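S.K.: Residues per chain, in single letters:
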Amino acid sequence: MGLSKIRQIEAHDDSELSFPPEGDAKPYEVFIQLNRGQPHVHSGTVDAVDGKMALSYAKKHFGRDQECVHMWVVPREAMISTNYDGEIIWPLTDQGYRLVRGYAIDVRRKWERFRDQEELDRYQDDDIKEMF
Amino acid sequence: MDMITDDLKTPFSQLLLSIADDKLIQGHRASDWTGVAPILEEDIAFSAIAQEEIAHAAELYRLVADLTGGNADALAFGRAAEEYRCASIVELVDEFDWATAIARHFFCDHLDGLRFGRLANSCFTPVAGLAARIQAEESVHIEHVDTWVQHLGHGGDDARGRMQQALDALAPHASMMFEATQGGELVESAGLFPKADADMFDQWLTGLKKITGQAGLTLNVTRPAPDAVGGRRGQRSGDFAELLDEMSEVYRQEPEAAW
Amino acid sequence: MSAGVTTAVELKMDWEIQEDPQRTADFQARIDAKGLIEVDDWMPHNYRVGMLRMCEHHANSEIVGALPEGEWITRAPSLLRKLALIAKVQDEVGHGQMLYHVCQDLGKPRDQMLRDLCTGKTKYHNVFNYPAPTWADVAMIQWLVDGAAILNQKSLAEGSYGPYVRTMKRINMEEAFHFKSGEDMVLTLMSGTPRQKKMAQEAFDRWWAPCLMFFGPPDSDSTKTGPFMTWRIKTKTNDTLRQTYVDRFAPAAKALGLIIHVAHKDKDGMVAIKPDGNPDMVVDEQIQFDEESGHWGFTQPDWDEFFRVIKGNGPCNKQRVALRRFSHEQGHWVRQAVMGSAGLPPSAN
Ligand SMILES: [Fe+2]
Ligand SMILES: [Fe+2]
Chain C
1 MGLSKIRQIE AHDDSELSFP PEGDAKPYEV FIQLNRGQPH VHSGTVDAVD
51 GKMALSYAKK HFGRDQECVH MWVVPREAMI STNYDGEIIW PLTDQGYRLV
101 RGYAIDVRRK WERFRDQEEL DRYQDDDIKE MF
Chain R
1 MDMITDDLKT PFSQLLLSIA DDKLIQGHRA SDWTGVAPIL EEDIAFSAIA
51 QEEIAHAAEL YRLVADLTGG NADALAFGRA AEEYRCASIV ELVDEFDWAT
101 AIARHFFCDH LDGLRFGRLA NSCFTPVAGL AARIQAEESV HIEHVDTWVQ
151 HLGHGGDDAR GRMQQALDAL APHASMMFEA TQGGELVESA GLFPKADADM
201 FDQWLTGLKK ITGQAGLTLN VTRPAPDAVG GRRGQRSGDF AELLDEMSEV
251 YRQEPEAAW
Chain L
1 MSAGVTTAVE LKMDWEIQED PQRTADFQAR IDAKGLIEVD DWMPHNYRVG
51 MLRMCEHHAN SEIVGALPEG EWITRAPSLL RKLALIAKVQ DEVGHGQMLY
101 HVCQDLGKPR DQMLRDLCTG KTKYHNVFNY PAPTWADVAM IQWLVDGAAI
151 LNQKSLAEGS YGPYVRTMKR INMEEAFHFK SGEDMVLTLM SGTPRQKKMA
201 QEAFDRWWAP CLMFFGPPDS DSTKTGPFMT WRIKTKTNDT LRQTYVDRFA
251 PAAKALGLII HVAHKDKDGM VAIKPDGNPD MVVDEQIQFD EESGHWGFTQ
301 PDWDEFFRVI KGNGPCNKQR VALRRFSHEQ GHWVRQAVMG SAGLPPSAN
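Residue numbers (my numbering), protein chains in the order written: chain C, 1 to 132; chain R, 1 to 259; chain L, 1 to 349.
These aren't lab readings, by the way, just hints derived from the structure by calculation. Any given hint could be a false lead.
[As the list claims (entries may be wrong)] So the derived list for chain R, only partly shown, Cβ under 7 Å to chain C, looks like this:
no., residue
1, 32
2, 41
3, 44
4, 45
5, 48
6, 144
Please read these numbers as outputs of a predicted model, since none were measured by experiment. Note that CB positions come from ideal geometry on N, CA and C, so glycine has one too.
Bound conformation, chain C alone:
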């Protein structure tokens, strides 16, 4: 059978390898952008010895399963992160005063004194949606 030579290997034993553990190369985090203008999204990790190699591997691994226009690789050691446990990012006190939802109901009620329902619904439909 015309099986390629390197795949015809048969001999095998479970003995230890003749060389010591090699260790892993450095992890680089890969971020891809699917379209111009969109944010970069974390896509995976490649191990490499330098940024150039990491980028080259990232392109061929994470740039091929989806069409993608731009890519970042970042050495993991350069990333500094928070902790899920006990570290506060979003303050615990009410943030209503700096959010739309803190005003929405009041504003609607106050408008009702000036405009009828129908007019008001139309007005709210025209509201700048992406800001909410």
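Since the structure of chain C is provided, determine the placement of chains R and L with the ligands on it from the hints.
M.R.: Okay, now just chains R and L with the ligands, sitting in the frame of chain C:
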């Protein structure tokens, strides 16, 4: 222009076949590393390159089929050994030696960069458009293989020794990629494969030497004799018969069937 | 993304261990609320080890799973199939790479995992210990085995460990291509010449039983799934998945004109031949739709064979591990060179 005269069809398809066959067999050899390459990330990258080589070959076969009849699969799998036009460098088994695989790609990808640059200026528009696209992908292959030559050259005595040995072993085969195809002059003078300003062999060698120099390696490649006969004229190296048997094993079971 | 890699983990299950009751309760509450656990969250020791083991086994399976089909890359019968098969096997290696990374972040270096795999210390999925002697086996693997993998991985994508769940979703997108291309190949063969149909039927006879075994032993036999279900490391039982699989593939096979047999295998994983020269198999009469239950019946595969293969005595166990080992050994000098050449002189970069 998107038509060519009958007298040019055969010589031009000989040239296109020589390139397509190089690519098919280079990709075929490369794809044998899929799943067993030295590093997982490299496994993926090398498989990507193998796919691109074979995909390029497929597009070139379609062009040849348009010129001289037949179809791409029949050209790829259905010819007799002496009808292939590849150079011996792609035929040789690499014995699962990474340095040999890298050396093969080093020589081949650098030449592809140059010959697709010339084809991109072809007066035959279907080829010119395709060639420009292929050349862009080849530049990524070149970058990839150059990095490997550097890594191995700088990767300690053992690695440098292996890389040097592989370069030395493949050098004579590499130069035979420059063997003229049948009717090659005709194709050049008609502007189908227009001559570049500088001689392609010199350009190729300069590009290679820049990298080997940086990597602490040496390169000894000499221009083939004008009357040298090799793969471009159908002379096959020892490893090809086995390769073709393997590659066409299933295809030949039912050449007329769809698979 | 966290850099919180634990390296000093003792990677053994310990059912005697006393975990902090409050943390354990919070942890379970998050899981019960369908929340996800992330790499630097606190987790019980056995959860970490269980997750790591399952993920390592899965990664090993992807890497070894690349081998049986990899054998056919150099023999694929058309340019399209050749390209698709390289891409498919490449995907499997990519899956392995991603899954190994989930494990690396849980505390085991990839190098160690690859060493353990090629010295027989860790295992991979049983299904890859069967041979792929013809091109039709490639078609059947992509249709039947990738089909089984999708089902299984879909359920794993509902698990509780964030990095694994995200990887599963991503992998399933690619598995869908494998499955479609497999379907296309099977359809092509079954619409082809008598010889092609025969090839397909013979390959089907080899792969049907291993695919039933794919989901693991019957629930009554499989021990210790308990905590893995409560932790949502596993989300569906073996028998549930197997039944879903049969419900989908038995009618599809019938429609294509494939016959489902109960076959005896020889030690090479081929359907055994009787003294009279005929294959040792009978039509599976249980393959019938049961109106009442709404499910398809089927004959259970040979579970003795399953346990034999899992212990390392299957048709291809030795060969698969040997090739993986050979690859790792041959690559040693290359990895050494690359690691040693880090930070090339600026001219070289
Ligand atoms: Fe996979
Ligand atoms: Fe798959």
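S.K.: Taking the hints in turn, state whether each one holds.
M.R.: Hints, verified against the model:
Because the smallest distance between the Cβ of residue 32(R) and any Cβ of chain C comes to about 5 Å, under 7 Å, the interface hint for this residue holds. Using the Cβ-Cβ criterion of 7 Å, the hint placing residue 41(R) at the interface with chain C is satisfied: the shortest such distance is roughly 4 Å. Hint status for residue 44(R) relative to chain C: holds, with the closest Cβ pair at about 5 Å, below 7 Å. Interface restraint check: residue 45(R) against chain C, minimum CB-CB distance 4 Å, threshold 7 Å, status holds.
Taking 7 Å as the C-beta cut-off, the interface hint given for residue 48(R) holds, the closest approach to chain C being about 4 Å. With a cut of 7 Å, the hint placing residue 144(R) at the interface with chain C holds, because the nearest CB-to-CB distance is about 6 Å.
The structure meets every hint from the earlier list without exception.
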